[in-house]
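Just so you know, the sequences run in chain order X and R. Under our numbering, the first residue of the first sequence carries the number 1, and numbering increases by one thereafter. Under our numbering, the first residue of the second sequence carries the number 1, and numbering increases by one thereafter.
Because the hints were derived from the structure by calculation, they are not lab data. Where a beta carbon is used, it is the ideal one built from N, C-alpha and C, also for glycine. Mixed in with the good hints there might be a few duds.
Sample of chain R residues facing chain X (criterion: CB under 10 angstroms; computed from the structure) [as the list claims (entries may be wrong)]:
no., residue
1, I57
2, R59
3, C88
4, G95
5, N100
6, G106
7, V143
8, T148
9, L149
10, R151
Residues per chain, in single letters:
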Amino acid sequence: MARVVVDVMPKPEILDPQGKAVQGALPRLGFTGVVEVRQGKRFEIELEGEATAERLDDVRRMAETLLSNPVIEDFEVRVLP
Amino acid sequence: MVTFPGSLDEVDAARAIELAGGEAVGLWHGDADLKGVDAVLLPGGFSYGDYLRCGAIARFAPVMSQVIARAGEGMPVLGICNGFQILCESHLLPGALIRNDHRKFGCLDQRVVIRNNTTPWTNAYEVDQEITIVLKNGEGSYVADEDTLDRLEGEGRVVATYVGNPNGSLRQIAGVTNERGNVVGLMPHPEHAVEDLCGPGTDGLGFFTSVLGSLAAS
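Bound-form chain X, shown alone (with noise of 0.2 angstroms):
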C-alpha cells in the first residue's frame, strides 16, 4: 500500500481570507515576528499496491479535476515513505 499526499495551497496572487485571520489571532496570543500565513488543504490518498509513475498520474488528475481548482491554487503530489 502506498500512501500519497496532495498539498493545495491558494496562488501566491490569490488573497487568501482565512490565512489573514490566523496571521491576526497569532500576535493576540503572544507570537510575534509572523510575517505571513497561508492556509491550504492536505490530502492523504492510500493506493492499492505501489505509487507507479501511472498511479501517481492518476493522482494528479485527481488533484487537476477534483482536489484542487487550477483557477485559484496550486497543488503538489508527493510520495510518503
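Assemble the complex: chain X is given as a structure, and chain R must be docked to it using the hints.
Just chain R now, with coordinates in the frame of chain X:
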C-alpha cells in the same frame, strides 16, 4: 431549477419564475434528466455542505453532465450565488469565487448595475440600469487573473457590477457570462427581490421575465 443536497433558494427561485409567468420544474441533482426544460437555474445555498470548495462536488452531480451539454448547445443557464460557484467549478464560466475579503457573511440589500443587457437573462433591463437585489454570501469574492478580467471587460461579458464593493470582488464584478452569452453567473439574488411584501422591491423580476421573453421569441 436544480435541487442539490444543501440547496436553499430553489423555492424562492420557483416562485420568481412563476411570478414572471413561467412554469417552474424541479430537477434533482441525482437525475441525469432535464425533463424537457427550456432553461436551467442553479439556485443558491450550500450544495454538499460546501465541502472541499463551494460548488466543487455539485459540479460532478449526475444532473450537471446534462446541464453542461445543453449549455454548450446554447440553452439559457443562470447560476445564482452557489449556482454561480458551480458554474465556475464546471468551467462554464471563467474565474472563481473565494471567501469575502472581510471574512464575514454579508446579508444586505445591494445596489447592482446591469452592464450587459444582451443575455437571455438580462434583456429586460437597460444598460447601466441600477437595481437593488439581495446579496447574501460568505464566499462571493470574484477572482480571475488580470488577462481574464481584461478579456471579460473588453468583450462585454461582465453582466453586472456592484455599487461599492461588498465582498472584495475584483473590478466589482457581481456577474459574468460565457462567450456565447447564454450562461450567466450572478452572486446576488434576484429571486429574493420579486415582491414588495418580502424583499427590497421587485427589481429582480427582470431576470425571469428576460428569459421567458427570450424563449418566447425563439
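For each hint, the structure was consulted:
1. For I57 (chain R), the suggested interface contact is upheld, since its CB lies about 8 angstroms from the closest CB of chain X, less than 10 angstroms.
2. Hint on R59 (chain R) holds. Least Cβ distance to chain X is approximately 9 angstroms, under the 10 angstroms limit.
3. Hint status for C88 (chain R) relative to chain X: holds, with the closest Cβ pair at about 7 angstroms, below 10 angstroms.
4. Given the 10 angstroms rule on beta carbons, the hint for G95 (chain R) holds: about 6 angstroms separates it from the nearest Cβ of chain X.
5. The interface hint given for N100 (chain R) is met, as the beta carbon of that residue sits about 7 angstroms from the closest beta carbon of chain X, less than 10 angstroms.
6. Restraint check, G106 (chain R) versus chain X: the minimum CB separation of about 13 angstroms is more than 10 angstroms; hint violated.
7. Hint status for V143 (chain R): holds, given a least beta-carbon distance of 6 angstroms to chain X, under 10 angstroms.
8. A hinted interface residue such as T148 (chain R) counts as satisfied when its beta carbon comes closer than 10 angstroms to some beta carbon of chain X; here the least separation is about 9 angstroms, so the hint holds.
9. With a least beta-carbon distance of about 12 angstroms to chain X, the hint placing L149 (chain R) at the interface is violated under the 10 angstroms criterion.
10. Violation of the interface hint for R151 (chain R) is found here, the shortest Cβ-Cβ separation to chain X being roughly 14 angstroms, above the 10 angstroms cut-off.
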